[in-house]
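2 protein chains.
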Amino acid sequence: MKVHGDKNSGNCLKVKFVCDRLALPYEWIEVDTRNGGSRTPEFLKLNPWGQVPTVVLDDGRTLAQSNAIIRYLARGSDLIPPDAYLAAKMDEWLFWEQYSHEPYVAVCRFHMVYLGKPASALDENLVKRGAAALDHLERHLGQSRFMAGDVVTLADVALVAYTRLAHEGGFDMTRYGAIRRWIGETENNLGLAPIG
Amino acid sequence: MKVHGDKNSGNCLKVKFVCDRLALPYEWIEVDTRNGGSRTPEFLKLNPWGQVPTVVLDDGRTLAQSNAIIRYLARGSDLIPPDAYLAAKMDEWLFWEQYSHEPYVAVCRFHMVYLGKPASALDENLVKRGAAALDHLERHLGQSRFMAGDVVTLADVALVAYTRLAHEGGFDMTRYGAIRRWIGETENNLGLAPIG
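Chains as they are written, first to last, in our numbering: chain X, 1 to 196; chain G, 1001 to 1196.
Chain X with its partners taken away, still in its complex shape (with noise of 0.2 angstroms):
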C-alpha cells in the first residue's frame, strides 16, 4: 500500500499514526503540497479533489478523504468499538471533526505555519469557531477519557490529529487541561512522541 501525503498535514498524520499503531505494511510518498504537488496530471488520476492523503491500495484501487481511509484501514481493530452504539458515536466524532473542528482550527494553522501569518491577521471568526470546538472538546473530554467511551478509538486518532497541533495556529492550550490530559493519554497508546 501506499500513502501519498504531507507529514505537516494532521489528516495526512491520521493515517499515518492508524498505519504504525496497528502495523500495516506501507510506503510514505511524500507530496509537497505547497508547491503544486497534489495539482500535477499525474496526482490528480490519484485523486481528482487533488487532496493528500490518498492511498493507492496493492491492487491499484484508491481512497480518499481522511477519516474515509482511516475507517477502511481499521476495519476489524481496536480501534473501531465491536458494539454499534459506540462505533456511531465515534462517527459522530469523525464527522463532527470534518465540520466543526477541522475547518477552524487546522485551518488556522495553516494560515500561519503554511501561509506565514501572524496570529494577529487570523478571520476572527476562524478564531472564534475554532475556539468554540476546542472549548466543547475541553466539556467532554472533562467526562468522558476518550472521546468514544473508555478506550483509544479513530475518533481519538482523528480529532488528536489536530488538536496537538492546535497552538501553531495560535489557540492558547494552557486553559485546556482535559484536552492536554487526553493528548497525552492518546499520544501514548498511538506510540507518538510528545509534541507540546
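Please note that the accuracy of each hint is not assured.
[Unchecked claim] Taking beta-carbon pairs under 8 angstroms as the criterion, some of the chain X residues facing chain G (in silico): (1) Ala68; (2) Arg71; (3) Arg75; (4) Asp83; (5) Asp91; (6) Gln98; (7) Tyr114; (8) Gly142; (9) Ala193; (10) Pro194.
No lab work stands behind these hints: they were computed from the structure.
Because the structure is a prediction, the values reported are computed rather than measured.
Note that beta-carbon positions come from the ideal geometry of N, C-alpha and C, so glycine has one too.
Following the hints, complete the assembly by docking chain G onto the known chain X.
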C-alpha cells in the same frame, strides 16, 4: 425511536429517507429551529451541539450528526455495501458531503430560504464552491450510475438530500444532466415524489 428534526433541513430528511426506505418505526418530532427550538435547555440535554437531526433510541440513548445516524440505522441493510472497499468509497462521499458540499450548497439555500436573501446577495465564495461541488458530482455521475457503484447507498441518500434542493439556493440545475438523471433514479429508489 424518536427523530427530532426540521423538515426543511436536508440533513434531517436524510434520516427520514433512511427510516422510510428501511421501514424502521419512528416518531418524528418537528423542531422549530428558526425560532430557537434546538437551543432550549431540554433540547440541549439531548444534543449539546444544539443541532438537528437528533435521534433518541428506545433505551433513551442519543445520536447526532446526520451521516453518523444514517450509518447506524442502515447497518446490515442494502444501503451499506457488504464489500469493505465499496463501503469505504461510500464513506468517502459521506465525508466529502459534509466538508465540500453541504457547507456551500446547503448554506446558499439556507441564506435564501431561511434568511430570505436574494441570490444576488449570496457570498460569492459560497456560490463558487457550491458550483465546484456540483461540477464534481456531475463529472462523477457521468461515469457512475450511483455515487458508490451500481446501486443506491447512503452516499446517494446523503448527497441527494441537498442536491435536489440546490435550485432553492440559486444553483442553475439545468446545466447538470447527469445529476438530474441520478436525482430521478435515487428519488425513485427511495420512494420520494420528484421535487424538481
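Checklist line | Interface hint outcome for Gly142 of chain X [beta carbon to chain G under 8 angstroms] | finding: Not OK, violated: Gly142 of chain X not within 8 angstroms of chain G, min 12 angstroms.
Notebook entry, point to check: Hint check: is the beta carbon of Ala68 of chain X less than 8 angstroms from a beta carbon of chain G?
Noted result: Since chain G brings a Cβ to about 4 angstroms from Ala68 of chain X, closer than 8 angstroms, the hint holds.
Next item on the list: Go through the hint on Ala193 of chain X and say holds or violated, using the shortest Cβ distance to chain G against 8 angstroms.
Entry: violated (28 angstroms)
Next item on the list: Could you check if Arg75 of chain X really has its C-beta closer than 8 angstroms to a C-beta on chain G?
Entry: holds (6 angstroms)
Next item on the list: Verify the interface restraint on Pro194 of chain X: the C-beta must sit less than 8 angstroms from at least one C-beta of chain G.
Entry: violated (29 angstroms)
Check: Taking the least C-beta to C-beta distance, is Arg71 of chain X closer than 8 angstroms to chain G?
Finding: Result: holds, 6 angstroms to nearest chain G Cβ.
Checklist line | chain G contact restraint on Gln98 of chain X - CB to CB distance below 8 angstroms | finding: Holds, because the Cβ-Cβ distance from Gln98 of chain X to chain G comes to roughly 5 angstroms (cut-off 8 angstroms).
Checklist line | Tyr114 of chain X as chain G interface residue, shortest Cβ-Cβ below 8 angstroms | finding: With a closest approach of 18 angstroms, the Tyr114 of chain X hint is violated.
Next item on the list: With chain G as the partner, please determine if Asp83 of chain X meets the hint condition of a C-beta pair closer than 8 angstroms.
Entry: Hint violated; Asp83 of chain X Cβ to chain G Cβ min 11 angstroms, cut 8 angstroms.
Next item on the list: Let me know if the C-beta of Asp91 of chain X comes in closer than 8 angstroms to any C-beta of chain G, holds or violated.
Entry: OK, holds: Asp91 of chain X within 8 angstroms of chain G, min 4 angstroms.
Of the numbered hints stated above, those contradicted by the structure are hints 4, 7, 8, 9, 10, listed in ascending order.
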